[in-house]
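Student: Could you put together the complete structure from these sequences and hints?
Heads up: the protein sequence lines correspond to chains A and B, in order.
Here the first sequence stands for residues 1 to 418, numbered as in our numbering.
Here the second sequence stands for residues 1 to 1009, numbered as in our numbering.
Accuracy of the hints is not assured; some may be wrong.
[What the hints assert, rightly or not] Chain A stretches covered by chain B per the calculated footprint, using a threshold of three residues with CB under 8 Å from any CB of chain B:
id, stretch
1, 10-23
2, 41-47
3, 64-74
4, 104-110
5, 366-379
These aren't lab readings, by the way, just hints derived from the structure by calculation.
Every residue gets a Cβ at the ideal spot worked out from N, C-alpha and C, and that includes glycine.
Take a look at the letters that make up each chain.
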Amino acid sequence: MIHSLFLINNAGDLFLEKHWKSVISRSVCDYFFEAREKAVEPDNVPPVIRTPHHYLINIYREKIFFVSVIQTEVPPLFVIEFLHRVAETFQDYFGECSETTIKDNVVIVYELLEEMLDNGFPLATESNILKELIRPPTILRSMVNTITGSSNVGETLPTGQLSNIPWRRAGVKYTNNEAYFDVVEEIDAILDKSGTTVFAEIQGVIDACVKLSGMPDLTLSFMNPRLLDDVSFHPCVRYKRWESERVISFIPPDGNFQLMSYHISAQNLVAIPIYVKQNISFFETGSSGRLDIAVGPKQTMGKTVECLVVTVHMPKVVLSANLSATQGTYNYDPVTKILLWDIGKLNPQKLPNLKGSLSLQSGAPKPEENPSLNIDLKIQQLAISGLKVNRLDMYGEKYKPFKGVKYVTKAGKFQVRT
Amino acid sequence: MRNALVSAENLQLTLKSDFSSEEQALTNNHSSGNEEKPSRGNEDLKEMLESNKESLKLEAMKRIVGLIAKGKNAYELFPAVVKNVASKNIELKKLVYVYLVRYAEEQQDLALLSISTFQRALKDPNQLIRASALRVLSSIRVPIIVPIMMLAIKEAATDLSPYVRKTAAHAIQKLYSLDPDQKEHLIEVIEKLLKDKSTLVAGSVVMAFEEVCPDRIDLIHKNYRKLCNLLVDVEEWGQVVIIHMLTRYARTQFVSPWREDAVFDENSEKTFYDSEGRRVDQSKPYIMDPDHRLLLRNTKPLLQSRNTAVVMAVSQLYWHLAPKHELSIITKSLVRLLRSHREVQYIVLQNIATMSIQRKGMFEPFMKSFYVRSTDATHIKTLKLEILTNLANEANISTILRELQTYVKSQDKAFAAATIQAIGRCATNISEVTDTCLNGLVLLLSNRDETVVAESVVVIKKLLQTQPSQHSDIIKHMAKLFDSITVPMARASILWLMGEYCEHVPKNAPDVLRKMAKTFISEEDIVKLQTVNLAAKLYLSNSKQTKLLTQYILNLGKYDQNYDIRDRTRFIRQLIVPNEKSGALSRYARRILMAPKPAPVLQSAFKDRDRFQLGTLSHTLNSQSNGYLELSDWPAVAPDQSVRIVEVVELAGAPLLGKSKPGKSAEKFYSDSEEEEEEEGSSSEDSSSSSSEESESESESEENSDDSNKSSSSESDSEKKKKTLKNKKLQQQKPDILNITYLPPQIIQKALLLFIMTKFFSIHIVLAFSNQFVANCRCSLLCLCVFLACQFDAVSWHVRVSLQASFPVFVPETSHELLHRMTGKGLSAQYRFTRQPCIYGNSMVSLQLTLSNSSDQALENIHISEKSSTGQNIHRFNAIERLEPQASVTVSMGVDFNDSTQAANFQLCTKEDELSVSIQPPAVGELLLPITMTEADFTKEQGKLLGMNESSATITMTPENISSQSVNRKVVSVANLGVIPSSQENIHRRCLNLTKPTFWNVIKKTNCS
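Tutor: As structure tokens, this is what we get:
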């Protein structure tokens, strides 16, 4: 299936190659570079590129292109999903997935890639299994290893590989047994010029951090499970019980993982926590324009809106911005043409406002369309959909774990058209 | 031949390596002088590798792997690296493997040095080491070792560890790509592995199947139901492969569910399992094949998978296989995927685009999910636009048009242009809005951006063709715009419109031609061609005003640099200007040039993509890629459905991991089971034959089975005959009747519950056992239950504790071959289970070994070697000094199987030879030991082992079989159990104890309902 993998950075340097079958010359990447050049923006590179003898399927993540070489028919999503899994594994192992960390840990990266694929077919992609085969690097361990000459590589087959629950390693032991769940909801919305909602929906995920000894069997139930419109689960969740009882019953993997994601569609009224008043105009003469943005709270359920950021992708002709903000700081990058207004906490008494003039390239025609605003925000202690976890029960083990649930609402793809 | 191949390969390789060294030199030059010269660096590494210190070697290997990762050449270090292949340090060893796999192809001779190490490792007791040895061995692309690989694969395919078997499945593909001539042998291995019941193996072997022999659909029949049932528990990557394969399979085996008059009868379980429901008649209303339904039902939960590839695979399966009215369940899941990464969105949107052409209704409620955001990548935007256009209908067009209006203003001009095209498509498809769209487009003509204007002109041109008469003012407007537009395509479009509809704009057209005459030389070719066209048309309709202009333009065209234009000019001149040479054609010039032209149909670019299976690479690229397997059309008449019927025994083990062979070993051991399987085979044949023949063929097959089993049966012939007949009748229905439900595997961890429900009877088997035991022989126990269940038809079991061993009720006579005389160089050995308490130890099982010498020389000093390779404790028999030719001797020995069905391996030695042999306990029944206890004790002990330790099954049985005698006889022949007299008439209790402190009992209860 997957023949080879090349990692290429944003500047077009190929810094790692791995082949699972016979070696394919790196010159095959020239086709990729060609497409990369044509696309201008890295986001616009087509994910599937055809060359005379191969197919290149690539993803772009953390400023790295993961380019895989395919020779025969394969479901493209299979490859894409796998490449993302590789990137996630790197992130999991090294804290971040960047060119530097990959170069620093090239041996571990190679060992990982070797375990993840056999002859191009995924072998072990579950992080709990991989961590038993190849232990992640820590400062302490690398010191011990240099002194004692012991290695990062496990000698026995991880038990997960053979069991029905490959996601959990055996013999987990903690002194503090704890299980934390973060309910994170993101609001995807498009608001039009007048502030009416064109489209809004809520996308939620429940991230878990479970550090429990032994083989705990957990059951998580909600106060209002009917809210959830469409769900997808980590493989550990028993689908049958969700179907029949609307509870989430599972034997958790060890450590951090995403338990489920859900979707609350536009039919249920989605609360929009803020309103935006904006007035951006470009003058026909004098190569200048005006900008006036004000933000205020709308439906916040009594909580404070934090980390409020407004991003504007200005038209190319805007040279500079001369603005004043009543709260927070603004920054205009004349190269990327991005205006970034970092407001911070939203104070309902004193509404933040950004006002001033824009100067345009002289002689150029005024921009056709006003730029749309992208909003970023965060509300702690609130799931905007109203979803509430009822209780968490544990079976199969004797001890009493610490349990905790945290709610947070964020703006997802939140866009205001102007 | 092979030599030639090898040398050809070598040649290629040298070419390749030359290239890469050249390339390396290039990269070295690039990365300037701070890198040390490779040769010196390698010298250094060589020294490190040859040192005695592990840590230095490891360091060197790490640096070498770094070199490989960068694509630098390190192949001259091959000899130094290969020496470390047998290193004790596991990390060092793995890195050496990485190196070896990378360079073995280029250094074939040296690579051979390492082969023996792998061959040794293939026999290692650690499964991880066995597996990785096979992985590396099969990854070394050296054609000379093909036979060795073949042998290793065959061996690994029967390994006890499912992980090793999985590796074997991967190795099949590697060997096939190395030497396609091995195909036939590999198919045999695939066939064997397809029967594997481990979820671990399923995905990999189906992958191998797809690669090696995708056309051998017949191999799937028997495994179809098993694969469907296993699917949920297979790892996600395997799921994708299996689903794609099953999609293809289903299209060849089932009839189309897409008939207009289809009547769906889904919920009735009766139809589902009723054998009558299977014979679908063309004239009858459509009833879905239960196997078809099974596939759809078992894949549905996977729509909730977190893996986008799995969701897509299930979606395409539903798209290609499900009745149309069930399709809607995939919509939500597909829309959910749109929240995923950019690349995932791209593929999913492409597939939705194809689907939305055929079935608008599916995605219409989710229209807003396809609204474009300014931050989307361009190719995502265009795909969303495509889908929105596909979804447009009379009801929602106003919403869509409003949305499209926003897009037209986008800063992304390529996207704005695509939007205009989309508006054009909406306008042609929905006649109500044609005028609105046209007006909107005309407004865009005053847009400042040239690409937008140009695109609008092109689209307007297409729209006007549908109803030109009413729109002469638009054409006039465009004529006015002509000066300001510079994009050639747009200019050409205007010129064409002028010419085509010159009668509607009689004043403007000649003027435009006049302007064109001035600038003709500097125009683009496409504009020139249209100018010539315009001139010709005007000449015909309005020759008074334009005769001179036309002449002038034709003259310019005559000397143009482009031959197309010269050709066109020559042709037009002959056509329109009458002279003596011009023939009949010029008389028809007007009719030729001014013929009414059909309006172009604006179609989706995804119109023809549905010829490819959704979710495939070919679909994404819209062209057939290598190895694409065409999805066949539904057969008009469904092929024989009975091919998928499998033995119940096989079904039983299906959802369990681990041991793959209990069913098979049972078959070997129990003469009855053999008989049963045979019947199974014949009954499946029977089921397709008509009922009038049934009785005849029945007696025939019965005779066959009698023949084959004559020797092993102690029952009277007539009695047996009667029973077989009964059995057979049941067997015939059984595959249809039996419905086996499993609890989710997570729960099976501790207790196993197995229900076999039937239409006629319900029988309970309850097995209770301790945890320790569960770990070891869960699977085989179940097989035993089901096997018993099949034998008679109404039994209920319980397992309990007791303390005193009792005498076996029944001792089987059959013995098993341990060593064949050919392999043993004259020495042959057979073993049988005596079912006596072992004198050598409580936990041991006693065995009787018969050794015979069939050679013509006496064998000396026959004994069991001291070192036992597996962990089992074996009590050896005393060495036999001398065994004369043709003589045989019987000895007894004890083996502690540790309550598992793991084979006991040991070495049988003679003076000259060491022969490895293995004893495979045929089923868990032989590992038991009966004990005596009172009924009260029994009930007490039974009470302690309820709940999690319990396992139950229900079976059908004929009334004739329910007599306690026949039940007893059958039970004891299968397992070493004792009987406890019971006060209740219909309950038979059996107790037995396992050789370990793990005690357990079995109760058997007949329950006629």
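Student: Against each hint, give a clear statement of whether it holds in the structure.
Tutor: A quick look at each hint next to the structure:
Requiring three or more residues with a Cβ within less than 8 Å of a Cβ of chain B, the coverage given for the stretch 10-23 of chain A holds, as 9 such residues are present. Counting residues of the stretch 41-47 of chain A whose CB lies closer than 8 Å to any CB of chain B gives 5, so the stated coverage by that chain holds, three being the minimum. Residue count for the stretch 64-74 of chain A with a Cβ under 8 Å from a Cβ of chain B: 5. That meets the three needed, and the coverage hint holds. Beta-carbon proximity to chain B at under 8 Å applies to 4 residues in the stretch 104-110 of chain A; the threshold of 3 is reached and the given coverage holds.
Chain B is given as covering the stretch 366-379 of chain A, and this holds because 6 residues of the stretch bring a CB closer than 8 Å to a CB of that chain, at least three being needed.
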